[in-house]
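Take the sequences, apply the hints, and build the full model.
Chain order of the listed sequences is A and B. Reminder that position 23 of the first sequence reads as 26 in the numbering used here, one-by-one numbering, no gaps. Reminder that position 98 of the second sequence reads as 119 in the numbering used here, one-by-one numbering, no gaps.
Since the hints were derived computationally from the structure, they do not count as laboratory data. Please read all numbers here as calculations on a predicted model, not as lab measurements. The C-beta atom is built at its ideal place from N, Cα and C for all residues, glycine as well. Errors might be hidden in some of the hints.
In silico lysine to aspartate or glutamate, DMTMM-like type, Cα no more than 25 Å apart, as pairs [said to hold, decoys possible]:
#  : chain 1 : residue 1 : chain 2 : residue 2
1  : B       : LYS154    : B       : ASP28
2  : A       : LYS115    : A       : GLU102
3  : B       : LYS79     : B       : ASP95
4  : B       : LYS79     : B       : ASP33
5  : B       : LYS152    : B       : GLU142
6  : A       : LYS85     : A       : ASP157
7  : A       : LYS115    : A       : ASP157
8  : B       : LYS152    : B       : ASP95
9  : B       : LYS154    : B       : GLU49
10 : B       : LYS152    : B       : ASP33
11 : B       : LYS79     : A       : ASP71
12 : B       : LYS97     : A       : GLU155
13 : B       : LYS97     : A       : GLU125
14 : B       : LYS97     : A       : ASP157
15 : B       : LYS79     : A       : ASP75
16 : A       : LYS115    : A       : GLU155
17 : B       : LYS97     : A       : ASP145
18 : A       : LYS115    : A       : GLU127
19 : A       : LYS115    : A       : GLU141
20 : A       : LYS85     : A       : ASP75
21 : B       : LYS154    : B       : ASP95
22 : B       : LYS152    : A       : ASP145
23 : B       : LYS79     : A       : GLU141
24 : B       : LYS97     : A       : GLU102
25 : B       : LYS154    : B       : ASP48
26 : A       : LYS115    : A       : ASP145
27 : A       : LYS85     : A       : GLU125
28 : B       : LYS97     : B       : ASP48
29 : B       : LYS97     : A       : ASP71
30 : A       : LYS115    : A       : ASP75
Here are some chain A residues pointing at chain B (derived, C-beta under 10 Å) [stated by the list, open to error]:
#  : residue
31 : LEU37
32 : VAL54
33 : GLN66
34 : THR67
35 : GLN68
36 : ILE94
37 : VAL97
38 : ASP109
39 : PRO143
40 : ASP145
Residue strings, one per chain:
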Amino acid sequence: MAPTLPSGDQASDQDNWDNGRLARKRQLLTEIVLRNRLTALVVDGDTTCRVLEQLLLRSYGVQTQGVDNGRDAVALIASGVKFNLIIIDMILPVLNGLEATRQIRDMGVHCKMLGVTACSGESERQAFLAAGVDVFIEKPLDPEHLVPILRELDGQ
Amino acid sequence: MLGSGPDRLRADVNRLLAFLFHQGILDEQFLQLQQLQDESSPNFVSQVVNIYFQESEKLLRNLRSLLMERKLSDYKNIGIHINQLMGSSSSIGAKRVRNVCVAFRAASDQNNRTGCLRVLEVLEHDYCFLKNKLHELFQIEQQRILAGGVGYPMQN
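Here it is, written out as structure tokens:
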């Protein structure tokens with residue numbers, strides 16, 4: 004539900020922002036405390052998305068690395084760096100997200116992989132899951148999807 | 022009666038945000054952005070949004086350039102650009118821009134050049150409107166901080 008137009012009354016404008024959704028978002032951003040040090044790789048060709056996804060993860064205490072294309076993601080994993088979680092966009096430069104996911108899984112990597120995309124349809128979902136991601140969501144990455152995954156990885 | 026400078030400016034910020042939400046320009050994802058801002062990164066929101074502006078303007082220029090090609094055939098590349106703009110727009114809560122991208126993608130999927138050009142005009146207009154309003158928001162917020170108000174996230 005969109006906020007109502009301001010009434011001109013200062014207190015009610017403030018109420019619009021402090022009630023409901025804002026409080027819930029704040030709660031989701033602070034409600035999880037990780038017991039273990041988790042690491043995540045963010046693979047997204049878009050700078051805005053990559054920065055935000057890494058920031059969101061770091062707000063939960065997750066250590067992150069970011070790369071902007073599929074080839075670098077595969078190379079990083081092949082070099083032996085391990086992550087608890089890989090968040091990977093479907094459409095990537097150089098090597099797309101589907102192929103990068105397949106190659107990462109072919110290396111025997113079993114960590115949690117979360118596939119993200121800007122525009123999801125059933126065919127995209129099926130293709131990404133078939134390539135090897137465990138979870139598929141439409142952007143933006145938000146706490147409601149991320150928190151349960153982090154809890155699971157943390158053994159909570 | 023309105024209070025001191027910071028209080029009046031805070032009301033102005035809330036009023037502008039309410040307007041942007043009510044008009045469907047922004048959605049709740051923008052609130053999440055605000056929640057990621059804290060004392061250690063007081064200008065986080067404006068910094069991320071400025072990244073979004075820089076990247077978006079490149080994408081829009083490229084899209085216009087691609088659509089103006091005499092023999093347009095690279096709809097796949099157009100689709101990739103649209104996808105990227107859609108993802109970044111949804112990540113910062115730029116709801117209207119994101120929704121126009123959906124229409125753009127539909128035209129591009131049909132290889133409809135006229136349709137694409139028409140939607141691109143709408144997109145450029147809506148993007149400019151968003152940019153102007155967010156600049157206005159950040160200006161007021163900056164004035165509020167200078168006047169002695171507390172920065173994001175706004176506390177009771």
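Okay, the hints, checked on the actual structure:
1. Restraint check for LYS154/B and ASP28/B: satisfied, since their Cα atoms lie roughly 20 Å apart, inside the 25 Å limit.
2. Our distance criterion of 25 Å between C-alpha atoms is met by LYS115/A and GLU102/A, whose separation comes to about 17 Å.
3. Pair hint LYS79/B plus ASP95/B holds up; C-alpha atoms about 17 Å apart against a cutoff of 25 Å.
4. About 31 Å separates the Cα atoms of LYS79/B and ASP33/B, which puts this hinted pair outside 25 Å; it is violated.
5. For a cut-off of 25 Å, the pair hint linking LYS152/B to GLU142/B stands: about 15 Å separates their Cα positions.
6. For the hint linking LYS85/A to ASP157/A, the alpha-carbon distance of about 16 Å falls within 25 Å, and the restraint holds.
7. The suggested pairing of LYS115/A with ASP157/A holds, with an alpha-carbon distance near 12 Å, which does not exceed 25 Å.
8. Straight-line distance between C-alpha atoms of LYS152/B and ASP95/B comes to about 28 Å, which puts the hinted pair past the 25 Å bound.
9. Proximity of LYS154/B to GLU49/B is assessed by CA-CA distance (about 16 Å); at most 25 Å being required, the pair is judged to hold.
10. The suggested pairing of LYS152/B with ASP33/B holds, with an alpha-carbon distance near 18 Å, which does not exceed 25 Å.
11. Between LYS79/B and ASP71/A, the direct Cα distance comes to roughly 17 Å. Compliance with the 25 Å bound is thereby established for this hinted pair.
12. For the hint pairing LYS97/B with GLU155/A, the CA-to-CA distance comes to about 38 Å; that exceeds 25 Å, so the pair is violated.
13. For a cut-off of 25 Å, the pair hint linking LYS97/B to GLU125/A stands: about 20 Å separates their Cα positions.
14. With a CA separation close to 40 Å, the supplied pair LYS97/B and ASP157/A exceeds the 25 Å bound.
15. Straight-line distance between C-alpha atoms of LYS79/B and ASP75/A comes to about 23 Å, which keeps the hinted pair within the 25 Å bound.
16. Proposed proximity of LYS115/A and GLU155/A is supported: the alpha carbons are some 10 Å apart, at most 25 Å.
17. Pair hint LYS97/B plus ASP145/A does not hold up; C-alpha atoms about 28 Å apart against a cutoff of 25 Å.
18. Restraint check for LYS115/A and GLU127/A: satisfied, since their Cα atoms lie roughly 19 Å apart, inside the 25 Å limit.
19. As the CA atoms of LYS115/A and GLU141/A are separated by approximately 17 Å, the hinted pair is consistent with the 25 Å bound.
20. The suggested pairing of LYS85/A with ASP75/A holds, with an alpha-carbon distance near 14 Å, which does not exceed 25 Å.
21. For a cut-off of 25 Å, the pair hint linking LYS154/B to ASP95/B is broken: about 33 Å separates their Cα positions.
22. In summary, the hint linking LYS152/B to ASP145/A is supported, as the alpha carbons are separated by about 23 Å, within the 25 Å threshold.
23. Pair hint LYS79/B plus GLU141/A holds up; C-alpha atoms about 23 Å apart against a cutoff of 25 Å.
24. Between the alpha carbons of LYS97/B and GLU102/A the distance comes to roughly 17 Å, so the proposed pair stays at or under 25 Å and holds.
25. The suggested pairing of LYS154/B with ASP48/B holds, with an alpha-carbon distance near 14 Å, which does not exceed 25 Å.
26. Of the pairs offered as hints, the one joining LYS115/A and ASP145/A holds, with about 17 Å between alpha carbons and a cut-off of 25 Å not exceeded.
27. Proposed proximity of LYS85/A and GLU125/A is contradicted: the alpha carbons are some 30 Å apart, above 25 Å.
28. Taken as a hint, the LYS97/B and ASP48/B pair is broken in the structure, with Cα atoms around 29 Å apart against an allowance of 25 Å.
29. As the CA atoms of LYS97/B and ASP71/A are separated by approximately 19 Å, the hinted pair is consistent with the 25 Å bound.
30. Between LYS115/A and ASP75/A, the direct Cα distance comes to roughly 18 Å. Compliance with the 25 Å bound is thereby established for this hinted pair.
31. Of the supplied interface hints, the one on LEU37/A is violated, with its beta-carbon coming no nearer than about 17 Å to a beta-carbon of chain B, more than 10 Å.
32. Interface hint status for VAL54/A: upheld, as the beta-carbon distance to the closest one in chain B is roughly 6 Å, under 10 Å.
33. The beta carbon of GLN66/A comes no nearer than 17 Å to any beta carbon in chain B, farther than 10 Å, and the hint placing it at the interface is violated.
34. The restraint placing THR67/A at the interface with chain B is violated, with a minimum CB-CB distance near 14 Å, outside the 10 Å limit.
35. A distance limit of 10 Å between C-beta atoms decides the matter here; for GLN68/A the minimum to chain B is near 18 Å, and the interface restraint is violated.
36. The beta carbon of ILE94/A is positioned within 10 Å of a beta carbon in chain B (closest approach about 5 Å), and the interface hint is therefore held.
37. Taking 10 Å as the C-beta contact cut-off toward chain B, the hint placing VAL97/A at the interface is violated, the least distance being around 12 Å.
38. Interface restraint check for ASP109/A: the shortest CB-CB distance to chain B comes to about 25 Å, outside 10 Å, so the restraint is violated.
39. Hint status for PRO143/A: holds, given a least beta-carbon distance of 4 Å to chain B, under 10 Å.
40. About 6 Å separates the beta-carbon of ASP145/A from the nearest beta-carbon of chain B, less than 10 Å, and the hint is met.
Violated hints, in rising order: 4, 8, 12, 14, 17, 21, 27, 28, 31, 33, 34, 35, 37 and 38; the structure is consistent with all others.
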